[in-house]
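Enquirer: Top to bottom, those sequences are chains P and E. Residue numbering for the first sequence is 22 to 345, as defined by the working numbering. Residue numbering for the second sequence is 22 to 345, as defined by the working numbering.
Think of the hints as simulated: they come from the structure by calculation, not from any bench. Note that beta-carbon positions come from the ideal geometry of N, C-alpha and C, so glycine has one too. Just to be clear, a hint being listed does not mean it is correct.
Stated by the list, open to error - Beyond 12 Å from chain E on every Cβ pair, some chain P residues (computed):
no.	residue
1	T51
2	E69
3	D87
4	S99
5	D114
6	A124
7	P141
8	A153
9	P165
10	I179
11	A185
12	E209
13	A242
14	A301
15	H329
16	Y345
What the hints assert, rightly or not - Taking lysine to any residue pairs in the SDA-like style, the calculated list, with each CA pair at most 25 Å apart, reads:
no.	chain 1	residue 1	chain 2	residue 2
17	E	K155	P	K95
18	E	K155	P	K302
19	E	K95	E	K155
20	E	K212	P	H168
21	P	K302	P	G166
22	E	K212	P	K302
23	E	K286	E	E337
24	E	K212	E	R182
25	E	K95	P	N148
26	P	K95	E	D190
27	P	K212	E	A171
Take a look at the letters that make up each chain.
Number of protein chains: 2
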Amino acid sequence: MRTQRGSATTWLAILALSAVGMAAAADGDTFITLGTHGGPVPDARRSEPANALVVGQAVYLVDVGDGAAEQMAKAGLSLQAIKAVFISHLHFDHTGGLFAVLALRDQTSAAGRLRIYGPPGIRETVNGLLAAMKPGAESGYGIPGTHFTAPEDTVEVIEIRGGAQVAIDGFKVSAVENTHYSFPPGSEMRKRFQSLSFRFDLPDRSIVYTGDTGPSDAVTALATGADLLVSELIDAQVAGGTAAPAHGAAELYTPSEVMREHMSKHHLTPDQVGQMASRAKVGRLVITHFVGGRVPGASTDSYIAAIHKWYGGPAEIADDLNRY
Amino acid sequence: MRTQRGSATTWLAILALSAVGMAAAADGDTFITLGTHGGPVPDARRSEPANALVVGQAVYLVDVGDGAAEQMAKAGLSLQAIKAVFISHLHFDHTGGLFAVLALRDQTSAAGRLRIYGPPGIRETVNGLLAAMKPGAESGYGIPGTHFTAPEDTVEVIEIRGGAQVAIDGFKVSAVENTHYSFPPGSEMRKRFQSLSFRFDLPDRSIVYTGDTGPSDAVTALATGADLLVSELIDAQVAGGTAAPAHGAAELYTPSEVMREHMSKHHLTPDQVGQMASRAKVGRLVITHFVGGRVPGASTDSYIAAIHKWYGGPAEIADDLNRY
Numbered sequence: 022m023r024t025q026r027g028s029a030t031t032w033l034a035i036l037a038l039s040a041v042g043m044a045a046a047a048d049g050d051t052f053i054t055l056g057t058h059g060g061p062v063p064d065a066r067r068s069e070p071a072n073a074l075v076v077g078q079a080v081y082l083v084d085v086g087d088g089a090a091e092q093m094a095k096a097g098l099s100l101q102a103i104k105a106v107f108i109s110h111l112h113f114d115h116t117g118g119l120f121a122v123l124a125l126r127d128q129t130s131a132a133g134r135l136r137i138y139g140p141p142g143i144r145e146t147v148n149g150l151l152a153a154m155k156p157g158a159e160s161g162y163g164i165p166g167t168h169f170t171a172p173e174d175t176v177e178v179i180e181i182r183g184g185a186q187v188a189i190d191g192f193k194v195s196a197v198e199n200t201h202y203s204f205p206p207g208s209e210m211r212k213r214f215q216s217l218s219f220r221f222d223l224p225d226r227s228i229v230y231t232g233d234t235g236p237s238d239a240v241t242a243l244a245t246g247a248d249l250l251v252s253e254l255i256d257a258q259v260a261g262g263t264a265a266p267a268h269g270a271a272e273l274y275t276p277s278e279v280m281r282e283h284m285s286k287h288h289l290t291p292d293q294v295g296q297m298a299s300r301a302k303v304g305r306l307v308i309t310h311f312v313g314g315r316v317p318g319a320s321t322d323s324y325i326a327a328i329h330k331w332y333g334g335p336a337e338i339a340d341d342l343n344r345y
Numbered sequence: 022m023r024t025q026r027g028s029a030t031t032w033l034a035i036l037a038l039s040a041v042g043m044a045a046a047a048d049g050d051t052f053i054t055l056g057t058h059g060g061p062v063p064d065a066r067r068s069e070p071a072n073a074l075v076v077g078q079a080v081y082l083v084d085v086g087d088g089a090a091e092q093m094a095k096a097g098l099s100l101q102a103i104k105a106v107f108i109s110h111l112h113f114d115h116t117g118g119l120f121a122v123l124a125l126r127d128q129t130s131a132a133g134r135l136r137i138y139g140p141p142g143i144r145e146t147v148n149g150l151l152a153a154m155k156p157g158a159e160s161g162y163g164i165p166g167t168h169f170t171a172p173e174d175t176v177e178v179i180e181i182r183g184g185a186q187v188a189i190d191g192f193k194v195s196a197v198e199n200t201h202y203s204f205p206p207g208s209e210m211r212k213r214f215q216s217l218s219f220r221f222d223l224p225d226r227s228i229v230y231t232g233d234t235g236p237s238d239a240v241t242a243l244a245t246g247a248d249l250l251v252s253e254l255i256d257a258q259v260a261g262g263t264a265a266p267a268h269g270a271a272e273l274y275t276p277s278e279v280m281r282e283h284m285s286k287h288h289l290t291p292d293q294v295g296q297m298a299s300r301a302k303v304g305r306l307v308i309t310h311f312v313g314g315r316v317p318g319a320s321t322d323s324y325i326a327a328i329h330k331w332y333g334g335p336a337e338i339a340d341d342l343n344r345y
């Protein structure tokens, strides 16, 4: 069967159009917080965790939550521009949008294999997504003799572990294992699964993305001297099990033993974020994966104030589509 | 290994909270256009194709494009409320959000198997998504001895073909094969793949959803006498290959043979939608999966005017999150 080369031309033209009138990527690099919510319960005001590191005309996705493809469109970024994807860990709020990115990319005949870097297990995850794409790719646009590109030809998966360094397109990416999982050292599960934090050493600056983590000397070391630290944050009351993670209705929140351990050990309170930023002497702090107990529209000043008890540099809570 | 029953309670509480302060589902039924864009190139102004039929407190998703979980949150609908999913066909703009829905539902310990109805191939699609969820479900919240529900225990897939009738929760769903694919009758591909339109006969009214289709006597028959017809629409110039599907920049649009056939035979122009609505004598017409050549902010009056040449009833182009 011949492939749909004709449609590739068409969709490429449409994709080019999708950026018309929107801000073009800077010649340097920009970190865009596509989605700043955290957690598997979708939020009406913040999109699921996803970020775009834009270097020149190339896009590198850093976590890909539900709606990432749509958030890219809102940011003026085309699916065709994605050169690689970095996944921090396997929680579905961080991977839920990956199927759409891979599949829509296939349906629009994006050129080249997309490189996907992620922790152990990401290959099995992506292989499942490719298998899911198979019947849709075979039926294509429903015209005899045509089909989409075979899904397995659209990606290249590279599993990495803490300690890995990746040279890519003129910059360096370093990964460390963080404390978002608490499988004991030496255990089978610790070997099978890791949660990662990333450092991007670009020509002009360095950016560290915590992904999800609790307090971690490894992440602090990774962040040391970074120009920009993009960190997760969880409300201290949520972490202590005394408040709901959203909407401030504590009376409906009944923490379980598992959830209490998860919330208290696997995430960072504002004080812990401030301590890390201070110890690492970062140039600027941006909060994403924001799990706050705030009432809609209420001030987030208390979180920044807690951070500033420890860290004197600029700090803010990102909104979706902010550019740094 | 024990399952994370504790976290189920927690996330259920959070999910309950997510609806606080938002519009509750009506006691009757409501059809919500979660995403009104059409096509595999994400749009900054319209979300990918997805709809929610809300009957009492139950939610039935009708196509699940990228960002459907987030659009549900914006509509005040919880993932826990989804009782079934209906997929019209396998194009990835209609299925891109399914991974997030299934995976986030698993991570939040949603109760019960989600029924997924769709055309031939949907089982293979869903099986791939379940395989993709496996490592994330096994690692769970990273606490020894706990994991998410086994993905294969979270869904039940029912493949249906044109002519199928499904009785579900007190209402009836009928499917017909439409003309979005043009595999020849009797061919192997025609046996393997179908694109479906759905009719929902509810206690108080009937709703027909075309999915993607070209002109089709079967769809017109299905729609006959329906109170509400939710139809796709493509700009007539786009269908004729003389305009770009978006943003009106025709000079960058170079239709290929394949794309010309797809656009001209597999979709409906405003005149064709009007003719169908008139022949079927529907009570009301709502346009979604809107592929227009309009300039952002420009009037869509010409599409409605073309429809009204043939159909005298109320007609409008839906925006995301509209309720009917």
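Enquirer: Hint by hint, say whether it matches the structure.
Expert: Here is how each hint holds up against the structure:
Remark: the non-interface label on T51/P is consistent with the geometry, its nearest Cβ contact in chain E lying 17 Å away (cut-off 12 Å). Separation of E69/P from chain E is inadequate, the least Cβ-Cβ distance of about 6 Å not exceeding the 12 Å criterion. At the 12 Å boundary, the C-beta of D87/P falls inside the reach of chain E, the nearest C-beta of that chain being 4 Å off. For S99/P, the condition that its CB be more than 12 Å from all CB atoms of chain E is violated, with the nearest at approximately 8 Å.
Residue-level check failed: D114/P sits 7 Å from the nearest beta carbon of chain E, not beyond 12 Å. A124/P, annotated as away from the interface, has a beta carbon of chain E within 12 Å; the closest lies near 4 Å. Not every CB of chain E is more than 12 Å from the CB of P141/P (nearest about 8 Å), against its label as outside the interface. Separation of A153/P from chain E is inadequate, the least Cβ-Cβ distance of about 3 Å not exceeding the 12 Å criterion.
Look at P165/P: its CB is around 6 Å from the nearest CB on chain E, not clear of 12 Å, so calling it non-interface is violated. At roughly 16 Å from the closest C-beta of chain E, the C-beta of I179/P stays outside 12 Å, upholding its exclusion from the interface. With a least CB separation of 18 Å from chain E, A185/P remains clear of the 12 Å interface cut-off, as annotated. Against the 12 Å criterion, E209/P falls within the reach of chain E, whose nearest CB is about 10 Å from its own CB.
Every CB of chain E lies more than 12 Å from the CB of A242/P, the least distance being 21 Å, so the non-interface label holds. At roughly 23 Å, the least C-beta separation between A301/P and chain E is larger than 12 Å, which holds for a residue marked as non-interface. Its beta-carbon lying about 29 Å from the closest one in chain E, H329/P satisfies the requirement of being farther than 12 Å from that chain. With a closest Cβ-Cβ approach of about 20 Å to chain E, Y345/P is found to remain outside the 12 Å limit, as its non-interface label requires.
Taking the CA atoms of K155/E and K95/P, the gap is near 31 Å; set against the 25 Å cutoff, the hint is violated. A threshold of 25 Å between alpha carbons decides the hint, and for K155/E with K302/P the separation of about 39 Å lies outside it, so the pair is violated. At most 25 Å may separate the alpha-carbon atoms for a hinted pair to count; K95/E and K155/E exceed this at roughly 28 Å. Proximity of K212/E to H168/P is assessed by CA-CA distance (about 16 Å); at most 25 Å being required, the pair is judged to hold.
A C-alpha spacing of about 59 Å is found between K302/P and G166/P, which places the hinted pair above 25 Å, so the restraint is violated. With a C-alpha separation of about 63 Å, the suggested pair K212/E and K302/P falls outside the 25 Å cut-off, and the hint is violated. In summary, the hint linking K286/E to E337/E is supported, as the alpha carbons are separated by about 23 Å, within the 25 Å threshold. For a cut-off of 25 Å, the pair hint linking K212/E to R182/E stands: about 10 Å separates their Cα positions.
Our distance criterion of 25 Å between C-alpha atoms is broken by K95/E and N148/P, whose separation comes to about 31 Å. About 38 Å separates the Cα atoms of K95/P and D190/E, which puts this hinted pair outside 25 Å; it is violated. The hinted pair formed by K212/P and A171/E meets the criterion: a straight-line CA distance of about 21 Å does not exceed 25 Å.
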